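K.L.:
Sequence:
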Amino acid sequence: MILAAALLAWAGTALAADETADASESLKVTLIGIHAKKETKPFIDPALKAIAAELGKRAVGYNSFHLIANETSRVAVGKTWECPMAEEYARQVQPLKIETDKATVRVLWVQYVGSGAKRKAEEREKLTLSIRKGKYFLSGGWKLKEGVLLGAVAVQ
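Just so we're aligned: 134 in the numbering used here is position 134 of the sequence shown, and the numbers increase by one with no gaps anywhere.
Since the hints were derived computationally from the structure, they do not count as laboratory data. These figures come from a predicted structure and were not determined experimentally. It is possible that some hints are incorrect.
As the list claims (entries may be wrong) - Cross-link-like lysine-lysine pairs, in silico, DSSO-like; alpha carbons within 27 Å at most:
| id | residue 1 | residue 2 |
| --- | --- | --- |
| 1 | K135 | K28 |
| 2 | K49 | K37 |
| 3 | K145 | K126 |
| 4 | K133 | K49 |
| 5 | K102 | K79 |
| 6 | K79 | K135 |
| 7 | K49 | K135 |
| 8 | K97 | K133 |
Using the sequences and the hints, build the whole thing.
P.N.:
Put into C-alpha cells, the structure is as follows:
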C-alpha cells in the first residue's frame, strides 16, 4: 500500500451510478470513508458517533476518526458506482440482487496507480456479501501516511 498525505482531488463518481433507475431495480447505497489516526487529543467526527464503538474495535490503537467521504447514490443492479476515499484509494459497489429486507452487493477497494495514460485501478479487496437494509458493513485498514483508511457501506 502506498503512503501519501492528501485526500483525492478527483471527481466523486468515476463510474456511472444510475440516478434515474427504477427503484425496484436499483438500490440506494451510501459509502462512507473514515480516516483513523493516533492523535494527542482523541476525536470522533460527530457524523460517526453512532458507530464509534465499532470503530474502536476495528481500528485498535487509533483514537481519532475523521469522516473523509459520505456519498449516497441510487445504483442499478449490475451497474458499478465508485466513490473516492483518500490517497488514491476508492470504494466501488455493485448491487447484484435486491430482496425485501437485504441486498447482495459486490464491494471492492481499489487503489489508483500510475499517471496519465498509464493510470489504472488495482483491486485491493473484493467481497460479495449480503447486507440488511438499514445496516452497514465496515472494512478496510489500508495504511495511509498517518493512520489507516476504513470504509462503511450501507444499503436502503
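K.L.:
State for each hint whether it applies.
P.N.:
Results for each hint:
Of the pairs offered as hints, the one joining K135 and K28 holds, with about 12 Å between alpha carbons and a cut-off of 27 Å not exceeded. Pair hint K49 plus K37 holds up; C-alpha atoms about 16 Å apart against a cutoff of 27 Å. The hinted pair formed by K145 and K126 meets the criterion: a straight-line CA distance of about 23 Å does not exceed 27 Å. For the proposed pair K133 and K49, the alpha carbon gap of about 20 Å is at most 27 Å, so the pair holds.
Distance hint between K102 and K79 is fulfilled; the C-alpha atoms sit about 18 Å from each other, no more than 27 Å. Straight-line distance between C-alpha atoms of K79 and K135 comes to about 21 Å, which keeps the hinted pair within the 27 Å bound. With a C-alpha separation of about 15 Å, the suggested pairing of K49 with K135 holds against the 27 Å cut-off. Using a Cα cut-off of 27 Å, the hinted pair K97 and K133 holds, with the two alpha carbons roughly 12 Å apart.
This entry satisfies every hint, going by the numbered hints stated previously.
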